[in-house]
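As a plain string of letters, each chain reads:
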Amino acid sequence: MRTINIANAAKRDAQVGFEAPPKRERVFQALLDGQRPANVRYVKATTTAAALQREFGGLEALGQAMIDGDPEIDLETVGKLIESPLRLYVTAEGEIAYRVRLQQVVYNPDGTERERRELSRTPANVSVEVPIGWSKRSISKADAIRRFVFSRSYQLTHTNGLTFDFLYQMAEELQRDQVMRLVGSGPNGSGPLVLTTGGEPYRGFLEGRTDGQRYALILHLSNQELKTIGGAQ
Amino acid sequence: MARILSLTLGGHEFGVNPVKVDRTKLYGRTETVALDDSDNPCELVAMDRSGTLIIPRGGLGMGALADDGTWADRSELIAVGADGSPVPVHPSSYDTPVGLDRKVSADELLECNITAVYQLDDASAELTAAVGSDIYTFDYFYRAGHTGSQAFLLASGDAVFMLLGQASPFELLGLDAAAEVLELADDDADIDDLDFSMM
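If you read the sequences in order, they're chains A and B. The first sequence begins at 0 in numbering that gives the first Met the number 0 and counts up by one. The second sequence begins at 0 in numbering that gives the first Met the number 0 and counts up by one.
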């Protein structure tokens, strides 16, 4: 289980576990005898129509070359099963690019380019020395679901008795006040959360539920407001 | 052509046009490009583990193999549930009116990860008023098939949204220990000035 370093309102922090609840598949594809087949990847082609057109000088020339040469399908290659393929870059000429420079292109909502910059990978910030902070900003659940789109969620899990108390208290507070609390990076706990280096930044909201001596502390992540395109919410 | 979703609520039928609200339409997007020494764009392709085969984009296909290694054509496959029983084909939600007769709480909505957001264009003021502060749910099938999504309908401001979600239920965790409640500080801070473009 991955760890997250999180602080509460009193600035007490602890490393606790966090994981996404397991996805429950409800529908599967099976053969008539009930067997579930294994999904595999295979080679369909090792070139493209565009590359062949470049090589032969156009579609008509390509067609004529195929008529003249009457090539056979390479049965050793086509249909070959591929496991865990490697990724690499090739130039426009199809040559392997041994050295590439990665750039990030930022586009506006209308598709126009806004800027270009060298790619920088934002480091993960959930399991570092500086804990994720409990900000002063809270919002009712009813408002939260009408303002933000929560696309991911993770359950925080205690690792021992002390952290059980630590998390239980947070959950109880949140349930009592019926709010979700903004948590995040930075001194005010309002900075974005990055779960993995180079990953998408998200806003994090904590939800707490308790039932007797049991608790659930859920970190809901959002990177989208609930609003209409081109209009206000 | 826009597909009209018919919703029935409180004895009235409302026709709406769901329009997907993509994050890119709100904030834009970023794309990573690779450039060679001459600043020409490079393409990301695949290579097999032996390093002898370069496979261009679109050159890999997906298939299914039975336990004995024989090819299983997609047309031979049937949809089954976790217990192995066949799953029926559901009609598209656009074929017949969808009754909004099941309300849920905010807690139930929070037990789903939202996978898609639609604004309901042509939603009338009557529909917005009828939905009010309630949250309705129904099984949504874009086209006839075995697998749909759980849809949530709710109003926010003057707009009505349809959220598609995937259930992500969690369990309450227990351990024998007493808990002490901490005093919360007063909260005057505003939540309106958060930057969601984050680019």
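Careful, some of the hints might be misleading.
Derived DSS-like pairs (lysine-lysine); straight-line CA-CA distance at most 30 Å [what the hints assert, rightly or not]:
#1 K43/A to K140/A
#2 K22/A to K102/B
#3 K102/B to K79/A
#4 K43/A to K79/A
#5 K102/B to K10/A
#6 K10/A to K140/A
#7 K24/B to K140/A
#8 K135/A to K19/B
#9 K135/A to K43/A
#10 K140/A to K102/B
#11 K19/B to K102/B
Everything labelled a hint here was simulated from the structure, so no lab data went into it.
For each hint, the structure was consulted:
{"no.": "1", "hint": "K43/A to K140/A", "verdict": "49 Å, violated"}
{"no.": "2", "hint": "K22/A to K102/B", "verdict": "24 Å, holds"}
{"no.": "3", "hint": "K102/B to K79/A", "verdict": "51 Å, violated"}
{"no.": "4", "hint": "K43/A to K79/A", "verdict": "8 Å, holds"}
{"no.": "5", "hint": "K102/B to K10/A", "verdict": "39 Å, violated"}
{"no.": "6", "hint": "K10/A to K140/A", "verdict": "24 Å, holds"}
{"no.": "7", "hint": "K24/B to K140/A", "verdict": "26 Å, holds"}
{"no.": "8", "hint": "K135/A to K19/B", "verdict": "33 Å, violated"}
{"no.": "9", "hint": "K135/A to K43/A", "verdict": "55 Å, violated"}
{"no.": "10", "hint": "K140/A to K102/B", "verdict": "16 Å, holds"}
{"no.": "11", "hint": "K19/B to K102/B", "verdict": "23 Å, holds"}
This entry does not satisfy hints 1, 3, 5, 8, 9, going by the numbered hints stated previously.
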